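Work out the full structure, taking the sequences as your base and the hints as a guide.
Sequence order for the protein chains is A and B. In case it helps, this note's numbering puts the first sequence at residues 2 to 344. In case it helps, this note's numbering puts the second sequence at residues 61 to 344.
Please note that a few of the clues may not be correct.
As the list claims (entries may be wrong) - Here's a subset of chain B near chain A, in silico, CB distances under 10 Å, partners left out:
#1 S76
#2 E84
#3 Q95
#4 L120
#5 R170
In short, the hints are calculated from the structure, not lab data. Values in this document were obtained by computation on a predicted structure and should not be read as measured data. The beta-carbon is built from N, C-alpha and C at its ideal position, and this holds for glycine as well.
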Amino acid sequence: MGFIELQHLNKRYGGSRKSEPVVALDDLCLSIPEGSLFGLLGPNGAGKTTTLRILCTLLSPDSGSVRVAGRDALADPRGVRSLLGYVAQEVAIDKILSGRELLQLQGDLYHLPRSRRDSRIDELVTLLGMDAWIDRRCGGYSGGMRRRLDLAAGLLHSPRVLVLDEPTVGLDIESRSAIWTVLRQLRDGGTTVLLSSHYLEEVDALADQLAIIEAGRVIACGSPSDLKDALGGDRVTLRVREFSDESEALRVQALLQGCQGVRQVVVNRAQGFSLNLVIEHDGVVEQLRRQLAEADLPVFALAQSRPSLDDVYLQATGRTLMDAELAVAGNRDAKAERKQSMR
Amino acid sequence: MTSANSALTNGSNETSALAEITQETLALTRRLFVQLARRPSTLVAGVLQPLIWLVLFGALFANAPAGLLPGGMSYGRFLGAGVIVFTAFSGALNAGLPVMFDREFGFLNRLLVAPLRSRSSIVLASVLYITALSLVQSLAIMVTAALLGYGWPGAAGLLLVLVTLLLLVFAVTALSLGLAFALPGHIELIAVIFVANLPLLFASTALAPLSFMPTWLGWLAALNPLTFAIEPIRSAYAGDLSLAAVVLEAPYGDLNTATCLGILAALAAGLFLAIRPLLDRKLS
Numbered sequence: 002m003g004f005i006e007l008q009h010l011n012k013r014y015g016g017s018r019k020s021e022p023v024v025a026l027d028d029l030c031l032s033i034p035e036g037s038l039f040g041l042l043g044p045n046g047a048g049k050t051t052t053l054r055i056l057c058t059l060l061s062p063d064s065g066s067v068r069v070a071g072r073d074a075l076a077d078p079r080g081v082r083s084l085l086g087y088v089a090q091e092v093a094i095d096k097i098l099s100g101r102e103l104l105q106l107q108g109d110l111y112h113l114p115r116s117r118r119d120s121r122i123d124e125l126v127t128l129l130g131m132d133a134w135i136d137r138r139c140g141g142y143s144g145g146m147r148r149r150l151d152l153a154a155g156l157l158h159s160p161r162v163l164v165l166d167e168p169t170v171g172l173d174i175e176s177r178s179a180i181w182t183v184l185r186q187l188r189d190g191g192t193t194v195l196l197s198s199h200y201l202e203e204v205d206a207l208a209d210q211l212a213i214i215e216a217g218r219v220i221a222c223g224s225p226s227d228l229k230d231a232l233g234g235d236r237v238t239l240r241v242r243e244f245s246d247e248s249e250a251l252r253v254q255a256l257l258q259g260c261q262g263v264r265q266v267v268v269n270r271a272q273g274f275s276l277n278l279v280i281e282h283d284g285v286v287e288q289l290r291r292q293l294a295e296a297d298l299p300v301f302a303l304a305q306s307r308p309s310l311d312d313v314y315l316q317a318t319g320r321t322l323m324d325a326e327l328a329v330a331g332n333r334d335a336k337a338e339r340k341q342s343m344r
Numbered sequence: 061m062t063s064a065n066s067a068l069t070n071g072s073n074e075t076s077a078l079a080e081i082t083q084e085t086l087a088l089t090r091r092l093f094v095q096l097a098r099r100p101s102t103l104v105a106g107v108l109q110p111l112i113w114l115v116l117f118g119a120l121f122a123n124a125p126a127g128l129l130p131g132g133m134s135y136g137r138f139l140g141a142g143v144i145v146f147t148a149f150s151g152a153l154n155a156g157l158p159v160m161f162d163r164e165f166g167f168l169n170r171l172l173v174a175p176l177r178s179r180s181s182i183v184l185a186s187v188l189y190i191t192a193l194s195l196v197q198s199l200a201i202m203v204t205a206a207l208l209g210y211g212w213p214g215a216a217g218l219l220l221v222l223v224t225l226l227l228l229v230f231a232v233t234a235l236s237l238g239l240a241f242a243l244p245g246h247i248e249l250i251a252v253i254f255v256a257n258l259p260l261l262f263a264s265t266a267l268a269p270l271s272f273m274p275t276w277l278g279w280l281a282a283l284n285p286l287t288f289a290i291e292p293i294r295s296a297y298a299g300d301l302s303l304a305a306v307v308l309e310a311p312y313g314d315l316n317t318a319t320c321l322g323i324l325a326a327l328a329a330g331l332f333l334a335i336r337p338l339l340d341r342k343l344s
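Laid out in structure tokens, this is it:
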């Protein structure tokens with residue numbers, strides 16, 4: 002049993018005479034261990050936000066169950082709310098209030114005693130480097146400042162679980178790394194951190210555990226290194242010349258396909274007929290060089306890399322995350338999405 | 061022993077529940093007042109608009125023949141009660157706007173993620189805020205009217221005026237909050253407020269007595285909640301504070317102050333009950 006258990010969640014949006022319902026979650030199951038930094042990875046529109054909104058009791062699923070620390074979010078939403086800190090994707094702040102006033106309001110909504118509330122605010126102001134502007138009105142904050150303020154608001158009541166929806170999207174490098182540092186510190190301090198992201202590097206760098214979500218379902222789950230290891234083999238990109246032509250590339254392909262320890266050879270037309278290989282172990286590279294030398298072929302460039310999360314995604318879905326993003330980019334309806342999030 | 065213990069725990073739970081509801085309600089109310097203090101245009105406009113009515117409309121009929129109005133009062137004195145009620149009414153009609161903006165900008169979601177002891181706190185904060193605001197605006201108009209020589213109801217009269225306004229403000233606030241959750245956006249809410257405002261003023265006894273009106277309009281005015289607030293206040297200004305005094309000779313019968321206040325109280329209670337299922341649905 003995980004600390005957070007999402008079981009068989011289903012959720013559809015809309016559905017009227019005019020439009021077919023959109024399936025947001027399709028029997029999604031997820032188990033998140035306590036104290037982990039857990040990443041939900043998937044393209045836009047995969048169902049990440051819906052999952053997090055259901056977990057935070059902002060949305061009820063059509064069917065399925067949600068449990069946090071043994072509490073049922075559907076039966077005892079208030080109990081679950083007090084365990085969670087939620088940092089939403091669209092940061093809603095009151096422009097007229099100062100950052101400090103917003104945090105004070107938030108503290109009162111979580112029923113912190115006044116002295117505890119104010120000392121906790123001071124702590125977070127220091128932790129997140131907000132001293133210089135926390136007493137200015139929120140209306141003038143930059144994206145990075147708003148996100149930090151929202152992170153502080155989510156952390157104010159020292160929740161056992163921090164839930165973040167795309168916490169670094171659109172942020173400058175400095176704000177992003179500041180947020181990463183804080184998330185790691187939290188995890189080290191025992192807080193369970195759950196974040197969604199469509200940045201591969203972010204999840205790869207941060208998460209102990211991750212789930213890849215596609216079309217409302219979990220298609221892969223595990224630690225980043227386990228998932229990559231499960232794919233097996235290193236990736237090698239090879240060019241015999243700076244600019245090969247097709248026939249030469251095909252000749253090399255035929256030659257390499259015969260080699261022992263080479264699993265797959267693809268001619269990458271998009272990259273000037275370079276060759277993409279999957280090899281079983283490091284020793285294969287030396288063997289490749291020998292074979293090429295025997296066939297009198299030069300080696301202009303040879304790069305070896307571990308499989309990335311993108312390869313994991315590619316393996317599971319048959320397309321890269323970038324392609325998936327592009328495919329949904331045109332299908333989203335900002336107006337409908339705003340309506341879904343409005344009460 | 062066990063039952064005594066559990067009763068004790070229950071007792072302390074209830075105290076802490078009350079303390080928590082107070083804490084969250086006060087925090088939400090404070091936010092609305094901080095907004096008002098930093099953006100006082102609502103307050104200023106809310107006093108300015110009825111003031112203009114009072115001065116300009118009052119001047120328009122300043123030369124009305126003496127004895128035209130019941131009890132031989134001057135038009136300015138007659139109009140005063142109408143404008144006071146109109147001030148409270150239009151203030152309360154705006155109660156839903158902050159809630160609507162919170163819905164639209166997603167701030168409401170921030171409140172709903174928090175473990176509020178009772179989500180009624182969100183509604184309660186709006187009611188407290190708008191009640192205070194409307195009463196302050198009405199008091200400002202009353203003072204101005206007094207300075208213009210349109211009279212002052214005295215201490216006991218003031219109490220009657222405030223109670224009457226309070227009942228009307230509760231009813232209209234409930235209506236406006238209901239609309240704020242029922243309508244899709246602030247454009248629609250503002251449209252409804254805009255359309256509702258003037259007809260309710262004209263079809264009441266704020267600007268002219270029932271006896272001036274054609275029968276059909278008289279009926280409308282005699283059914284208009286604004287009239288039930290205006291007439292007790294007018295009577296208080298005229299110095300008659302008796303609850304049994306007949307203040308409205310409606311086509312369907314005479315109404316005294318107590319009946320008018322009773323109708324307003326029933327309306328406020330009825331509207332809050334009516335919007336409750338909607339609020340429960342939207343806030344759950």
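Structure-based check of all given hints:
Against a cut-off of 10 Å between C-beta atoms, the interface hint on S76 of chain B holds, since the closest Cβ of chain A lies about 9 Å away. Of the supplied interface hints, the one on E84 of chain B holds, with its beta-carbon coming within about 5 Å of a beta-carbon of chain A, less than 10 Å. This hint holds: Q95 of chain B has a C-beta 5 Å from the nearest C-beta of chain A, less than the 10 Å allowed. With a least beta-carbon distance of about 39 Å to chain A, the hint placing L120 of chain B at the interface is violated under the 10 Å criterion.
A cut of 10 Å between beta carbons decides the hint on R170 of chain B: the least distance to chain A is about 5 Å, and the hint holds.
Hint check: a violation occurs at hint 4 only; the rest are consistent with the structure.
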